[in-house]
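Participant: The residues making up each chain are set out below.
2 protein chains.
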Amino acid sequence: MDKYRVKPGAKVRLSRIDPNDKGDFKGDKKEGRELVGKLNKELEALQEVLYASQKAKVLIVLQAMDTGGKDGVIRSVFEGVNPEGVTVAAFKVPSPAELAHDYLWRVHQVVPAKGQMTIFNRSHYEDVLVVRVHNLAPPEVWGRRFEQINAFEKLLAEEGTTILKFFLHIDKDEQKKRLEARLADPAKHWKFALGDLKERALWDDYMAAYTDVLEKTSTPWAPWYIVPANRKWYRDLVISSVLVKALKDLKLSYPENKDDLSKVVVV
Amino acid sequence: MDKYRVKPGAKVRLSRIDPNDKGDFKGDKKEGRELVGKLNKELEALQEVLYASQKAKVLIVLQAMDTGGKDGVIRSVFEGVNPEGVTVAAFKVPSPAELAHDYLWRVHQVVPAKGQMTIFNRSHYEDVLVVRVHNLAPPEVWGRRFEQINAFEKLLAEEGTTILKFFLHIDKDEQKKRLEARLADPAKHWKFALGDLKERALWDDYMAAYTDVLEKTSTPWAPWYIVPANRKWYRDLVISSVLVKALKDLKLSYPENKDDLSKVVVV
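Protein chains in written order, with the working numbering: chain P, 658 to 924; chain Z, 658 to 924.
Treat the hints as calculated values from the structure; they're not laboratory data. Predicted model only: the values in this text are computed from it and were never measured. One should not assume that every hint holds.
[Unchecked claim] The list that follows gives simulated cross-link-like pairs (lysine to aspartate or glutamate, DMTMM-like), each with its CA atoms no further than 20 Å apart:
| # | chain 1 | residue 1 | chain 2 | residue 2 |
| --- | --- | --- | --- | --- |
| 1 | P | Lys848 | Z | Glu701 |
| 2 | Z | Lys771 | P | Asp728 |
| 3 | P | Lys848 | Z | Glu913 |
| 4 | Z | Lys845 | P | Glu705 |
| 5 | Z | Lys845 | P | Asp681 |
| 6 | P | Lys829 | P | Asp678 |
| 7 | P | Lys873 | P | Asp659 |
| 8 | P | Lys749 | P | Asp678 |
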């Protein structure tokens, strides 16, 4: 899955990256889903050790255009993992109190503690995406944020956080299909916001903004992965694989007991 | 399952409540586990509606003696539920900053927001349990907390929170078995703290303290359930059933879209 990682300093051409790609995977959807299921069991076990060992911290950032599948990833990749060790932080439109602080203030408050895995559903990257596309701050303000974000993430990494960032890459046609599917199903109408269509009209501006994000903030300590996401099962497979590998690489183990338990009797 | 609910003002005799009870349930462990699995699917669907409708808030309080099964409940009852809508708040020994505030300060910060379900793994009840048993505060201080807690929970309930409190009732023999099982399995040694044995020696004091909690703080707006918990599967069955019923009683539905979507075209 390493080929989806954005090498630091590399040029990114999103239009040349196929959102339908399924890499070297020869199987179909059914086989893909089965593999995601197996990885989910592995993730469950690895998370238990992460939680028990109280050493590492894991931060997962999910970014995508509307309908890109952030909620779907949370459901499919993390379902079954003990909710005690997984926290989801969803970043909505900032509140007045949040706006009265710097944009990383609310983010810093919810980074993972030792033993924790935290998923960001949207993130501080909105401050160089929606903020840029809608001119909510002038270019000199959002322009300096790439370096600020790299420094912030470096702090987290140096203090023991494993950071994995995923851009769920769908194309404009796929978004059309997904929005139409929501319109066609009254049970999904609550998910449909007319504002989503206005954002869709800004697709190219968003792609330009995402390109800058991917080129400027994929670092050795906090890499971005561009995940082909038109196929939901393959999207889940990529993320599960990257996550399981990263957790295995931490080589965590259940902690030893400091006390000699050999002569303990329970009365 | 209503028989496990503590009626407000009722006397509680924990020694007369059988922790091995399996009520009217005629099935065995296997059938019980299957039923818990079905309830888990129901809970998953109900939680999605809770999250979508953004109206109700659900607070689940878990209290038990060591090895009582709080973590087990979180894993079995809530696994499979979308982690985006479920938060676990674990209350450990208070930090200096927390001790510098009133004991409900840290609790209030993590109560569920609209659409959220929050599980308290231990809770503000420790402030009338461990605090009392270990004389960490004088009786006049912890003694007034029952009324304070009732008032606090009434506030939460009146502001839209459904509160369900579960005391996982095991007996001293069952705890002995579970502690011995941890001692016998090196993979579980990390979970074993010698301090647990000191707490065990104070069993009767804890039962007296729990009795007061159950008698004084089971209210119409925040009832306690005494859950027979020697059999893990039956414990999970009781909690799943109570929770699913409470969520159904909220009669939540997916929200309507305020906009007329009938003529929307995605371009």
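Participant: Hint by hint, say whether it matches the structure.
Facilitator: Consistency of the hints with the structure:
no., hint, in the structure
1, Lys848(P) - Glu701(Z), "holds, 18 Å"
2, Lys771(Z) - Asp728(P), "holds, 18 Å"
3, Lys848(P) - Glu913(Z), "holds, 9 Å"
4, Lys845(Z) - Glu705(P), "holds, 12 Å"
5, Lys845(Z) - Asp681(P), "violated, 40 Å"
6, Lys829(P) - Asp678(P), "holds, 15 Å"
7, Lys873(P) - Asp659(P), "holds, 19 Å"
8, Lys749(P) - Asp678(P), "violated, 30 Å"
Hints 5 and 8, counting from the list given before, are not met by this structure.
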